[in-house]
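Novice: Read off the chains here:
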Amino acid sequence: ELKVEQNPLFLSMQEGKNYTIYCNYSTTSDRLYWYRQDPGKSLESLFVLLSNGAVKQEGRLMASLDTKARLSTLHITAAVHDLSATYLCGTSYGKLTFGQGTILTVHP
Amino acid sequence: AAGVIQSPRHLIKEKRETATLKCYPIPRHDTVYWYQQGPGQDPQFLISFYEKMQSDKGSIPDRFSAQQFSDYHSELNMSSLELGDSALYFCASSTSRDSYGSEQYFGPGTRLTVT
Chain A
2 ELKVEQNPLF LSMQEGKNYT IYCNYSTTSD RLYWYRQDPG KSLESLFVLL SNGAVKQEGR
62 LMASLDTKAR LSTLHITAAV HDLSATYLCG TSYGKLTFGQ GTILTVHP
Chain F
6 AAGVIQSPRH LIKEKRETAT LKCYPIPRHD TVYWYQQGPG QDPQFLISFY EKMQSDKGSI
66 PDRFSAQQFS DYHSELNMSS LELGDSALYF CASSTSRDSY GSEQYFGPGT RLTVT
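Going down the list, the protein sequences come from chains A and F. First residue of the first sequence? That's 2 in our numbering, and the numbers climb one at a time after it. First residue of the second sequence? That's 6 in our numbering, and the numbers climb one at a time after it.
Honestly, the hints are just simulated from the structure, not real lab data. Built from N, CA and C at the ideal position, the CB exists for glycine as well. A couple of the hints might just be wrong.
[Unchecked claim] From the derived model, a few chain A residues whose C-beta atoms are all more than 10 Å from chain F:
(1) K4
(2) L12
(3) M14
(4) E16
(5) N25
(6) S27
(7) S65
(8) S93
(9) K96
[Stated by the list, open to error] Label-pair restraints from in silico Cβ distances:
(10) G41/A - Q72/F: 24 to 34 Å
(11) S91/F - S27/A: 29 to 39 Å
(12) K42/A - H78/F: 15 to 25 Å
(13) T74/A - Q46/F: 38 to 48 Å
(14) G41/A - D67/F: 23 to 33 Å
(15) N19/A - H78/F: 37 to 47 Å
(16) D67/F - K42/A: 28 to 38 Å
(17) P109/A - Q72/F: 43 to 53 Å
(18) D67/A - E19/F: 22 to 32 Å
(19) D83/A - S12/F: 23 to 33 Å
(20) S12/F - S13/A: 31 to 41 Å
(21) A79/A - P44/F: 25 to 35 Å
[To be verified] Calculated pairs, DSBU-like style, for lysine-lysine (alpha carbon to alpha carbon, straight line, at most 35 Å):
(22) K57/F - K42/A
(23) K42/A - K57/A
(24) K62/F - K18/A
(25) K18/F - K57/A
(26) K4/A - K18/F
(27) K57/F - K27/F
(28) K20/F - K42/A
(29) K20/F - K4/A
(30) K62/F - K69/A
Input sequences plus hints: build the corresponding full structure.
Specialist: The following block contains the structure:
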C-alpha cells in the first residue's frame, strides 16, 4: 500500500522565521511533487523532484529529495504572510497519492 | 497557457439525484485523473483514463462511473447522491510518459453540495 506522511500537520510560524516540512513516502516511485492549496481552491504545482539529491528553489521555498531515505523536505525561508496555505506532497505511480497536508499559518 | 477546464464550478443537488461533472484537459494531454477532496482531507484518487480507456481505479463508489471521449474530455457521472458525496472534485491531466506518470495539472475543481 502506498503511504505518504507529512509532518507537521499544522505549522504556525512567525514572519521572518525559517521552518521545514517533511514528507516520507513508502512507494518505489521516486517521483515527488509539492503542491500548494489555498482554502477551497485548486492545487498549484510548486516543485517536481525526479532524482536523488534533486534540489529546487522558488522564492522563499526550497524542496529537496533523498530517494534512499524516501524523504522530501520543503524548507521555508523568512516566512511571509502570503505563504499561508496548505502544502501537500505527493508521489505518483500514475495516480497521485498525497500526504495529509501541512496547514501553514504565518503571523506577524 | 491553456489550463484544465472543469464544469460546472458549483453544483447543488439533493439526495438520490444524479450529477455529471465535466473535465476538459490541457490540449495534447492524453491522460485524465479524477480526485475527490472531502472537507479537511487530502485529495483521494477516484479513476483515470489514458487514450479513452480506463487506466486505473481507486476508491470510486459503484454509484459513480466515468468515461473519456474521443476529444479527450472526460465526464464523471454520479448517481443516487448521498450527503457524504459533498466534496471538491478535481480533474487533472497529463501526458503519458511511463508507468510512474508525468506531472499532473489540476483544474479549478467542482464543488458539489448534496442536501
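Novice: Look at each hint and say if it fits the structure.
Specialist: Against the structure, the hints come out as follows:
1. K4: Given that every Cβ of chain F is farther than 10 Å from that of K4/A, nearest at about 12 Å, it holds.
2. L12: holds (16 Å)
3. M14: holds (20 Å)
4. E16: E16/A is indeed farther than 10 Å from all Cβ atoms of chain F, at 25 Å.
5. N25: N25/A is indeed farther than 10 Å from all Cβ atoms of chain F, at 15 Å.
6. S27: holds (15 Å)
7. S65: holds (18 Å)
8. S93: Answer for S93/A: violated, closest chain F Cβ roughly 4 Å.
9. K96: At roughly 4 Å from the nearest Cβ of chain F, K96/A sits no farther out than 10 Å, so the non-interface label is violated.
10. G41/A - Q72/F: 24 to 34 Å: Distance hint for G41/A, Q72/F holds at roughly 28 Å.
11. S91/F - S27/A: 29 to 39 Å: holds (30 Å)
12. K42/A - H78/F: 15 to 25 Å: With Cβ atoms ~22 Å apart, the hint holds.
13. T74/A - Q46/F: 38 to 48 Å: Taking Cβ atoms as reference, T74/A and Q46/F lie about 23 Å apart, which means the hint is violated.
14. G41/A - D67/F: 23 to 33 Å: holds (28 Å)
15. N19/A - H78/F: 37 to 47 Å: holds (44 Å)
16. D67/F - K42/A: 28 to 38 Å: Given a distance of about 30 Å, which is inside 28 to 38 Å, the answer is holds.
17. P109/A - Q72/F: 43 to 53 Å: Since the Cβ atoms of P109/A and Q72/F sit about 50 Å apart, the hinted range of 43 to 53 Å holds.
18. D67/A - E19/F: 22 to 32 Å: violated (49 Å)
19. D83/A - S12/F: 23 to 33 Å: Since D83/A and S12/F have Cβ atoms about 30 Å apart, the given range 23 to 33 Å holds.
20. S12/F - S13/A: 31 to 41 Å: holds (37 Å)
21. A79/A - P44/F: 25 to 35 Å: holds (32 Å)
22. K57/F - K42/A: Given that 35 Å is the threshold and the Cα spacing comes to 28 Å, the pair holds.
23. K42/A - K57/A: holds (24 Å)
24. K62/F - K18/A: Answer violated: K62/F to K18/A is near 42 Å, above 35 Å.
25. K18/F - K57/A: violated (43 Å)
26. K4/A - K18/F: holds (33 Å)
27. K57/F - K27/F: Status holds; Cα separation ~15 Å.
28. K20/F - K42/A: holds (25 Å)
29. K20/F - K4/A: This hinted pair holds, its Cα atoms lying about 33 Å apart.
30. K62/F - K69/A: Status holds; Cα separation ~29 Å.
When the structure is compared with the earlier hints, violations turn up for hints 8, 9, 13, 18, 24 and 25 and for no others.
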